[in-house]
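What follows is each chain in one-letter form.
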Amino acid sequence: MNELVFIALATLMFILMIALAVMVIRSKDLIKAAILLSGVSLIASFVFVLLRAPDVAMAEASIGSALTAIILVFAIKKTNRFEEGGEEK
Amino acid sequence: MTPDPVLLIVIPLLAAFLTPLVALGSKKFARYVPLIGVLAMGVVSLLLLKDLIEVQPRTYGAYNTIESTTGGFQPPFGISLIVTPLGGLITFGMIMVALYVLVTSIQKKEDDKGPWFEMMAMMATAGAVGMVITGDLFNMFVFLEITSISGTILAALPRGNGEKGLNWKGAAGYAVISALASFLILAAIALLYGATSTLNIAQMAERVGSIDTFVAGTALLLMIIGFGIEAEIFPLNGWAPEVYRGSRWGTSTIFSGIIGKAGLIAMLKVVTVILAPALEGNIAMDILLWGGVITFIVGEAAAFTSKDLYRLWGFSSIGMFGLILAAFSLGGENGIYAAVLIMIGHLISKPVLFSLTGAMRHKDRDLPLSVLDGLMGKSRVTAFLFIGAALMLLGMPPSPIFWGKYFLFSGAGGESNWLLVGLLIVGTLLEAGYIGKLLWRVLPKKEEAKAFKLPITTTVMALIAVALGVLLGAVPGLLQDIIDLVVLEFGGAIIILAGVI
Amino acid sequence: MMERTTFHRSLPAIALALLFAATLFVAFVEVDFGEPRIEEELPVNYQPGEEIDTENITTPGLRYLANSSEETGSANLVTAVVVNYRGFDTLGEVTILFLAATGVGALLSFIKDDDEKKKKKILPPSLILNKGARLVLPLIILFGVYVFLHGHLSPGGGFQGGVIIASGMLLFYIAEPTKGASHKVISIIESTAGLAFIGLGIVGLMTASKIFLANDFAGDWGEVGMLVSAGLLPLIYIAIGFKVGSEMTGLVEKMRGDGS
Amino acid sequence: MNGLALVFYGGILLLIAVGIWGILSRRNLIKVIMAITIIATGVNLLLVSVGYISGRAAPIVGGDTGIDASSTTGSVVDPIPQALVLTAIVIGLATTALALVAAVGYYRKTGSLELKSWSYGLTNEKEVKK
Chain A
1 MNELVFIALA
11 TLMFILMIAL
21 AVMVIRSKDL
31 IKAAILLSGV
41 SLIASFVFVL
51 LRAPDVAMAE
61 ASIGSALTAI
71 ILVFAIKKTN
81 RFEEGGEEK
Chain B
90 MTPDPVLLIV
100 IPLLAAFLTP
110 LVALGSKKFA
120 RYVPLIGVLA
130 MGVVSLLLLK
140 DLIEVQPRTY
150 GAYNTIESTT
160 GGFQPPFGIS
170 LIVTPLGGLI
180 TFGMIMVALY
190 VLVTSIQKKE
200 DDKGPWFEMM
210 AMMATAGAVG
220 MVITGDLFNM
230 FVFLEITSIS
240 GTILAALPRG
250 NGEKGLNWKG
260 AAGYAVISAL
270 ASFLILAAIA
280 LLYGATSTLN
290 IAQMAERVGS
300 IDTFVAGTAL
310 LLMIIGFGIE
320 AEIFPLNGWA
330 PEVYRGSRWG
340 TSTIFSGIIG
350 KAGLIAMLKV
360 VTVILAPALE
370 GNIAMDILLW
380 GGVITFIVGE
390 AAAFTSKDLY
400 RLWGFSSIGM
410 FGLILAAFSL
420 GGENGIYAAV
430 LIMIGHLISK
440 PVLFSLTGAM
450 RHKDRDLPLS
460 VLDGLMGKSR
470 VTAFLFIGAA
480 LMLLGMPPSP
490 IFWGKYFLFS
500 GAGGESNWLL
510 VGLLIVGTLL
520 EAGYIGKLLW
530 RVLPKKEEAK
540 AFKLPITTTV
550 MALIAVALGV
560 LLGAVPGLLQ
570 DIIDLVVLEF
580 GGAIIILAGV
590 I
Chain C
591 MMERTTFHRS
601 LPAIALALLF
611 AATLFVAFVE
621 VDFGEPRIEE
631 ELPVNYQPGE
641 EIDTENITTP
651 GLRYLANSSE
661 ETGSANLVTA
671 VVVNYRGFDT
681 LGEVTILFLA
691 ATGVGALLSF
701 IKDDDEKKKK
711 KILPPSLILN
721 KGARLVLPLI
731 ILFGVYVFLH
741 GHLSPGGGFQ
751 GGVIIASGML
761 LFYIAEPTKG
771 ASHKVISIIE
781 STAGLAFIGL
791 GIVGLMTASK
801 IFLANDFAGD
811 WGEVGMLVSA
821 GLLPLIYIAI
831 GFKVGSEMTG
841 LVEKMRGDGS
Chain D
851 MNGLALVFYG
861 GILLLIAVGI
871 WGILSRRNLI
881 KVIMAITIIA
891 TGVNLLLVSV
901 GYISGRAAPI
911 VGGDTGIDAS
921 STTGSVVDPI
931 PQALVLTAIV
941 IGLATTALAL
951 VAAVGYYRKT
961 GSLELKSWSY
971 GLTNEKEVKK
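Protein chains in written order, with our numbering: chain A, 1 to 89; chain B, 90 to 590; chain C, 591 to 850; chain D, 851 to 980.
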């Protein structure tokens with residue numbers, strides 16, 4: 001792969017990933033945050049492919065973005081969907 | 090015959106995988122599987138310790154080590170386990186604490202829905218042992234995770250019916266903070282792997298001399314934060330009092346006797362073996378020394394002001410971790426002697442105190458100091474054991490801690506480090522203060538008090554422990570051989586792990 | 591806006607986080623990105639494919655690259671490292687997953703008592719989801735089995751295969767909210783697979799090398815790249831696959847609990 | 851320092867910084883656990899990028915990868931960090947699950963997901979007397 005394309009792809013991935021991560025932290029709706037978090041993992045698994053780590057990419061895609069999000073959603077359903085007050089406290 | 094050290098890990102894993110299977114058949118019998126596992130670990134570690142002391146140095150350096158490689162690849166290509174004198178001693182001590190907890194609590198009906206407490210106690214011990222004896226940095230991380238996951242579960246198991254939910258507060262805090270700790274350690278491992286291209290601790294120690302100081306300093310920072318959280322070093326120990334307050338006495342014993350100790354030894358191993366050589370002068374050891382002293386003072390001060398008995402013992406454990414860390418970091422023959430003796434004294438006295446406290450009342454309530462009022466009148470045996478263990482903790486002779494503090498003061502005085510001596514005296518006075526306060530409550534006889542009966546297993550185990558402590562305190566020469574080996578291991582100021590390569 | 595008024599309150603946190611990241615950044619930049627650091631011990635002007643003297647190599651990564659095919663017989667070098675060279679770590683890892691799955695079950699049994707009171711009504715899933723899931727489930731499980739059987743040949747392995755099976759089971763749960771796999775069966779599978787892993791490790795203690803987890807049959811069966819090759823390695827990965835599959839299923843199943 | 855190092859290390863460490871900001875500024879336990887998951891992802895990416903070698907292939911030989919078993923040296927990336935990350939990802943899931951269960955338990959008892967102030971023992975002893 002051309003190095004410039006590589007850098008451009010990686011930059012794009014990281015910008016997306018950081019933007020999603022900031023949204024995860026800022027979102028008051030925990031379910032939304034969990035889904036955004038799974039997006040972070042999904043992009044991370046693309047970065048793993050860029051880094052020539054297909055095994056890790058597979059594990060990250062299935063564990064990080066699928067299972068983690070699911071158990072988060074289950075836990076949120078057992079508790080409270082919205083962050084109380086958030087930053088004010 | 091020397092057993093393979095890998096058995097120290099394989100046996101508990103086997104027992105852990107077997108426990109749920111046995112529990113499907115009989116829940117009652119399944120509680121004995123971890124007990125048998127810990128017993129077998131104890132036998133293995135005793136044989137290893139015996140071999141370490143008796144056999145003359147034969148492999149590397151001036152002291153004897155026992156090694157095991159896994160997967161059939163010589164280190165640094167495979168993961169190796171190395172039992173050094175300090176590792177062998179601590180391993181044995183930790184397993185004995187686990188045995189004390191399991192034997193003492195085996196009769197209790199804590200409304201468990203399965204053998205989970207016993208299983209997790211065993212796995213926390215196995216993880217701690219692994220952290221102490223492993224020769225591979227990433228493997229240490231894996232064992233750290235085993236320990237902290239079983240620690241989380243232990244902390245979450247409620248005491249009595251768990252009505253106030255104190256257990257969940259402690260467990261949630263510990264789960265979050267220990268996860269953070271382990272990822273910081275993983276980041277440090279990434280940095281060190283990048284700089285040295287190896288994970289084997291001995292090989293890394295060889296290569297680390299040539300790496301950049303800033304890299305080593307950053308790794309040091311991450312490692313101290315990460316392991317400091319596990320070892321309850323101030324100011325990273327905010328989670329610990331909640332765990333001590335909300336969980337069972339067995340959990341508290343395991344945190345203070347096993348998990349924290351393993352964190353401490355792992356931190357010492359990483360900092361002294363890998364990172365200290367990469368930094369100029371004595372920066373790493375100075376950080377640990379003053380961190381330890383401050384932890385000692387803060388822990389003892391908090392114990393002095395504490396109104397809840399469980400928390401009090403928790404804070405006193407934190408103080409002890411600080412004292413042990415300070416003694417190790419002081420280095421030299423006196424420092425090592427002090428550290429090992431104080432550690433042994435703490436390993437013996439704390440389980441007794443925790444188990445007696447737990448026997449007094451184990452509902453999900455805070456345990457105000459007033460439960461001790463007139464203990465002498467309620468149960469003479471309990472009162473005598475309590476007084477014995479408390480005085481042993483304080484360092485009243487005959488106690489190993491007395492000798493430990495003696496060596497510590499001579500070490501600090503010998504280096505004319507008067508600030509250190511002063512701070513140590515302040516900490517000891519605080520300690521004497523709260524232990525005096527407790528004894529003041531125990532001693533008076535109030536005949537109207539309801540008689541209180543200590544469970545027979547607790548009585549027997551506590552008696553054995555107190556007797557052992559008195560014996561080791563009266564004849565500290567019994568420990569001479571092994572402590573001399575530990576001093577050799579630390580080699581004065583410069584520490585060399587067995588040169589495996 | 592509320593967001594703007596609260597922004598300055600989290601400034602100290604942001605500043606601290608950035609300071610931390612900057613420190614790490616300066617340290618990591620010292621570790622050159624993309625440089626072949628593990629190959630410092632190779633002769634100058636080395637070309638891929640040349641013979642090298644592995645005796646003098648001390649860097650683990652380099653030696654694994656040079657020797658892995660003969661020593662482990664695995665075509666996937668990551669699998670060789672995970673199962674063979676660092677098999678002890680992997681044993682620890684499945685133990686962690688096992689402890690977590692057990693612990694989640696044990697702790698939820700304490701929470702569950704309160705749950706009984708407020709059981710929600712479960713909406714039946716749509717017909718398409720129900721039938722579709724029944725159709726797809728066997729295929730997903732088959733794919734999972736394929737992934738862990740070919741762990742030594744292609745990307746993937748016991749962990750990924752196990753997780754794929756678990757996600758198939760998850761789909762089944764969504765399609766059939768009232769049903770669940772028997773905890774007893776899951777528990778039996780995970781314990782047995784764990785014992786099998788240790789058993790395969792003890793095979794090493796018994797055979798030639800007398801070392802735990804040694805793969806003494808690495809070169810005995812088949813050639814690199816064939817399904818039957820790499821000695822005990824695929825067997826260990828199958829045990830891991832079953833273990834991870836049952837543990838992940840159990841974890842999700844327990845977290846789901848009743849009534850959600 | 852080359853451009854790749856800037857993008858990868860910089861991007862990953864910013865991601866970790868976001869996670870740390872989350873831990874420091876949020877009190878909600880589940881949100882804190884999410885922040886830790888972000889940190890975990892970042893640390894895993896760090897480990898893999900430490901093992902990356904420019905212009906090399908994935909560490910798999912034979913089949914359609916076009917790399918011969920005898921010429922892996924010098925043509926593939928370092929497999930060790932990848933193996934470590936595989937382990938770390940699974941460990942991350944285990945810790946997340948347990949932390950969530952503890953959070954659920956805490957919520958059930960207190961009706962809140964906010965972990966109230968910790969003390970170092972010198973304050974906050976009022977609760978004890980009840």
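No lab work stands behind these hints: they were computed from the structure. Backbone N, C-alpha and C define an ideal beta-carbon position, used for all residues, glycine too. Do not rely on the hints blindly, as some may be mistaken.
Simulated pairs of lysine-lysine, DSS-like, Cα-Cα distance not exceeding 25 Å [claimed, not checked]: (1) A/32 with C/774; (2) B/253 with A/77; (3) B/202 with B/116.
Some chain A residues well away from chain C (every beta-carbon gap over 10 Å; in silico) [as the list claims (entries may be wrong)]: (4) 8; (5) 11; (6) 29; (7) 46; (8) 54; (9) 56; (10) 62; (11) 70; (12) 71; (13) 80; (14) 81; (15) 82.
Cross-check of the supplied hints:
| no. | hint | result |
| --- | --- | --- |
| 1 | A/32 with C/774 | violated, 34 Å |
| 2 | B/253 with A/77 | holds, 23 Å |
| 3 | B/202 with B/116 | holds, 8 Å |
| 4 | 8 | holds, 16 Å |
| 5 | 11 | holds, 14 Å |
| 6 | 29 | holds, 14 Å |
| 7 | 46 | holds, 14 Å |
| 8 | 54 | violated, 4 Å |
| 9 | 56 | violated, 8 Å |
| 10 | 62 | violated, 4 Å |
| 11 | 70 | violated, 6 Å |
| 12 | 71 | violated, 5 Å |
| 13 | 80 | holds, 14 Å |
| 14 | 81 | holds, 12 Å |
| 15 | 82 | holds, 14 Å |
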